[in-house]
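Student: Chains as they are written, first to last, in our numbering: chain A, 620 to 1040; chain B, 18 to 406.
The hints are simulated quantities; they were obtained by calculation from the structure and are not laboratory data. A couple of the hints might just be wrong.
[To be verified] With beta-carbon atoms standing in for the labels, derived distance ranges:
no. : chain 1 : residue 1 : chain 2 : residue 2 : range
1   : A       : Lys749    : B       : Ala221    : 21 to 29 angstroms
2   : B       : Phe302    : A       : Lys1040   : 47 to 55 angstroms
3   : A       : Thr791    : B       : Gly222    : 39 to 47 angstroms
4   : A       : Asp1037   : B       : Phe302    : 43 to 51 angstroms
5   : A       : Ser786    : B       : Asp217    : 53 to 61 angstroms
6   : A       : Asp758    : B       : Leu174    : 42 to 50 angstroms
7   : A       : Pro906    : B       : Gly152    : 53 to 61 angstroms
8   : A       : Asp705    : B       : Val210    : 37 to 45 angstroms
9   : A       : Lys909    : B       : Ser167    : 54 to 62 angstroms
10  : A       : Ser675    : B       : Arg151    : 50 to 58 angstroms
11  : B       : Val210    : A       : Thr791    : 18 to 26 angstroms
Idealized CB from N, CA, C, for every residue including glycine.
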Amino acid sequence: MNRRTTRRRTIAALAGAAGILALTACSGGSGFSDSTSTAQATSTGGGSLRVLIGSSGDAETAAVKSAVADWAGTSGTDATVSVASDLNQELSQGFASGQPADVFYVSADAFQGYASNGSLLAYGDQLKAKDDFYPTLVDQFTYDGKLYCAPKDFSTLALIINTDDWSKAGLTDADVPTTWDQLTTVAKKLTTDGRKGLAFSGEYARVGAFMAQAGGTMTNDDGTQATVNSPENVAGLTYVRGLLNSGDAAYAATLGTGWGGEAFGTNKAAMTVEGNWITGAMTSDYPDVKYKVVPLPAGSGGKGTLQFTNCWGIAADSKNQGAAIALVEHLTSTDQQLAFSKAFGVMPSVQSAADGWKKLYPEMTAFIDSASFAQNTVNAKGASDVITDFNAQLEGLAKGDPQKILDSVQTNLQAVLDQDK
Amino acid sequence: MTSLSSAPGRAPAGTRTGPARRGSARGPSGRQGAAGWLFVSPTLLVLGLFLVIPVVMAAWVSVSDWTGRGSPFASGVSYVGAKNYAALLTGGGLATKDFGTSLRNNAYYVLLVVPLQTALALFLAVIVNRRLLRGRGAFRTAYYFPSVTSSVAITVLWLFLFSTSGVVNGVLAWFGVHGPNWFADPDGVLHLVLGSLGVDTAPAGLADHGLLGISWWDWLAGPSVAMSAFILMAVFTTSGTFMLLFLAALQNVSGEVEEAAVMDGTSGWQRFRFVTLPMLRPTVFTVVTLGLIGTWQVFDQIYTGTQGGPAKTTLTPAYLSYNTAFNNQQWGQGAAIAFLLFAIIVVVTALQRLATRDRAVPRRRRFRLADGTLAADAAGPGVQEGGRR
């Protein structure tokens, strides 16, 4: 018995010692405890740059690699591109270790978290072309009054129509819906046995467009008050609920498809609400489907759509911030952005490239035209859980009560906004 | 205890009295002990580096306001007490509700997977243990195969099998059953059953009260249709592993015992129930314990398959912990969920150990039967044994 207890004590002591060792080792040894990095002086320590991207596919990876290689060739600073399989996770690892990549993609919903904990360098004011970015995109990446992160590119939602189905249903160009009532009518006409008129994903990132068309927003202008359960948003959700219950529209998941593009490509739906990334999927997966893109119809509150964007972040811990800013300057330049557009279809974040994009994709001008009335998605720190919860509730919208759903989201979002203050 | 008490017997001569024995035991431990520490040091180092330090770090993060930048032990990070735990357990906000939902989902998962996989594994092991079975090797390999395959690959396979127009629904259609849209159906199975009995709205008593932000009615939802598909998958993949454990134990049951039982005139079922199964008791304990621990930690299927959807009905504490930390950047809360999950696993395993601990049941029962008074009280299976005796 005695022996056992002593042994136990030794083990406990050892474990304790290891714990203390761990504590001291980490608190003392780490050279990155200077977390007062709001200092805006940019480091020019030299050395090569590491670029971390979350790629949509080979086309994007190749385009970014060649653009970065071009810059490295002319600037004389080495730069390597690596592709993250889970961008948020790899970024977090980098920030926690104190050795993040120098330049990287940042998604809109993760942006405020990284900006508020000091991981990002607020370099926006040093960009020469700052005023060329779309103002709403600059809003999305502004934190505490400072632009932290140059918008990389953006996407908007539009209505995608299967033109064969359209003409078979006896519809012409004059019937392209510009109001909710017209959308309801054409959805009904396009619905056949085994095909819905309209399908889209049952999530905020699609359904929210209808709330925007009703004139609703998720927060007030300065992002301090949640305005989720406004009468406008209720009107938007009520319209979507009516569409779903009419039997002429359905969520993509209820049709057994993963997203609107799949429902549309497999002709389980004649129309869908999607962003410009759908064009890549149509070319590669459903090359035979003919379609056209029109702006989303206006609702009770006028025209509205959602826009999605991400940005080029630079690490506050980067050793060579001067070179990193120069690289971002190159990557967001008008010509380079048009080259990206050509390679993988994204829309440039600078207004001076809009005409070039329209020339590149004349049949898809609806996407870039929608930029003038597009609404940003919620990006408050901690809001992604609220949106996940909203999405979960939207899945049951057909049987649910719009007011009740929005009330609960209002409470959750307000709690998050209060916490961020 | 037996091994401990026999150890001193092997100690060198002249170690009769207690203190003297300890003193002389310390003698050789000077050099032998050093050698011993030297030999275990690589393991200790690895354990310390990859287990102790991360656990200590995570424990600290769970009670700190670390924001994910730099070391959690840096000067700017401060202690916030049980705030993160409180937000999960008593906060009443979204965090509490998500945690409650994930616990409910996982509880149903555990409740169904553990008994099913144990029973199936035992069943398969008994079958492939038969000497008369032809091609036993082939069957053993086939049943074990799903365990060897990566869970990610199986999840993808499952997503295809259980899609709306997938194989499973195709087979169901042969029997005139219109299969559900498996991975997109958030309806709870118990709610569906109740709904078919005409109870489709919550009674006020259940709807108005609840635990962890979830009403009792929602606690009673049962696993969603989507979660049921994951439950089937877990049973399919893990029963092969446990079959192997049962098989090893079955091979240890000597033929004589079986023969003796045959001579006693027992039927096949009696032999299994009263001879084989009691001898497998330690293995059953192992399998159930491993099952309980494994099923509370379900993550990869959710991460690759549904990411918690539809309507959060496949959200599990392990996935919620990951999501809270990495996607929502609430590092403290994410770590707190991990520790709560750890506590749950420890408590559940301890309870299970308590419930199935090896009581000396037969001896006591015999004693009481000899007593002649309590024979009728002897529970269940004992009656038969006693009667025969």
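Student: Take the hints in turn and mark each one as holding or not.
Tutor: Here's how the hints hold up against the structure:
Taking the beta carbon of each, Lys749(A) and Ala221(B) are about 58 angstroms apart, not inside 21 to 29 angstroms as hinted. Roughly 53 angstroms separates the CB atoms of Phe302(B) and Lys1040(A), a value that falls within the hinted 47 to 55 angstroms. The beta-carbon spacing between Thr791(A) and Gly222(B), approximately 59 angstroms, falls outside the hinted interval of 39 to 47 angstroms. A hinted range of 43 to 51 angstroms holds for the C-beta pair Asp1037(A) and Phe302(B), which are about 49 angstroms apart.
Distance hint check: the CB atoms of Ser786(A) and Asp217(B) are about 44 angstroms apart, inconsistent with the given range 53 to 61 angstroms. Checking the proposed 42 to 50 angstroms range against Asp758(A) and Leu174(B) shows it holds: the Cβ atoms sit about 44 angstroms from each other. Pro906(A) and Gly152(B) have their C-beta atoms about 48 angstroms apart, which leaves the hinted 53 to 61 angstroms range violated. Here the CB-CB span from Asp705(A) to Val210(B) is close to 38 angstroms, well matched to the stated 37 to 45 angstroms.
Lys909(A) and Ser167(B) have their C-beta atoms about 40 angstroms apart, which leaves the hinted 54 to 62 angstroms range violated. A hinted range of 50 to 58 angstroms holds for the C-beta pair Ser675(A) and Arg151(B), which are about 53 angstroms apart. Remark: the range hint 18 to 26 angstroms for Val210(B) to Thr791(A) is contradicted by a beta-carbon distance near 51 angstroms.
The structure shown violates the earlier hints numbered 1, 3, 5, 7, 9, 11.
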